[in-house]
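Trainee: Take a look at the letters that make up each chain.
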Amino acid sequence: QITLKESGPTLLKPTQTLTLTCTFSGFSLSTSGVGVGWIRQPPGKALEWLALIYWDDDKRYSPSLKSRLTITKDTSKNQVVLTMTNMDPVDTATYYCAHIDDNSGGFAYWGQGTLVTVSS
Amino acid sequence: QSVLTQPPSASGTPGQRVTISCSGSSSNIGSNYVYWHQQLPGTAPKFLIYRNNQRPSGVPDRFSGSKSGTSASLAISGLRSEDEADYYCAAWDDSLSGWVFGGGTKLTVL
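Chains as they are written, first to last, in this note's numbering: chain A, 519 to 638; chain B, 183 to 292.
Honestly, the hints are just simulated from the structure, not real lab data.
A quick note: this is a predicted structure, and the numbers were derived from the prediction, not measured.
Where is the CB? At the ideal position from N, CA and C, for every residue including glycine.
No incorrect hints appear here.
Sample of chain A residues at the chain B side, in silico, Cβ under 8 Å:
no., residue
1, 564
2, 565
3, 578
4, 580
Pulled out of the complex, with its shape left as it was, chain A reads as follows (with noise of 0.2 Å):
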């Protein structure tokens, strides 16, 4: 059974870094095809794919956000790591993180989110 989990702050000041960790378990990530990506979601509002990382560490991000934003994994703890610079109140959303794999394609497995708010 895969399951997901994302933590990290749920309040964060204009210009702090935000740091999320999704902790998985049910799969392994140094398992070919596997991936981790984090997508969010601003209230009310579309998905937006952010930051994506493979079994063999290849990494990908989103074109308009790529400058901010980092993502890692420990294999060994079974966790991805995803940090944003700069962070503004229009990054208030909820942050997802979901697997991907060869067999599906596409992000079969979701976290709950934690919502993340930016406020002075």
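Since the structure of chain A is provided, determine the placement of chain B on it from the hints.
Mentor: Quick look at chain B alone, frame taken from chain A:
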């Protein structure tokens, strides 16, 4: 503004068949698979359709997907009240080297 274009809303009565469209370009839908997610109010998205028209186990066969050229569609037959949700299409975009989502369609069951 989302790369993939969906109608903001759709509606139908119980038992009806409804379709939701997703329009893209040659760099995303035109050259890659389309995926659909269902998001019930207050919950995380759920995987609904993968690789254009495949259903994960547990997804009723009332849900079906199709793709033609740079557009895709999600069809829901035998509409039920529990189908009331937001639906999102997604695809890999070769030009952006990343995933793109549609703006979402809010389905109302009248």
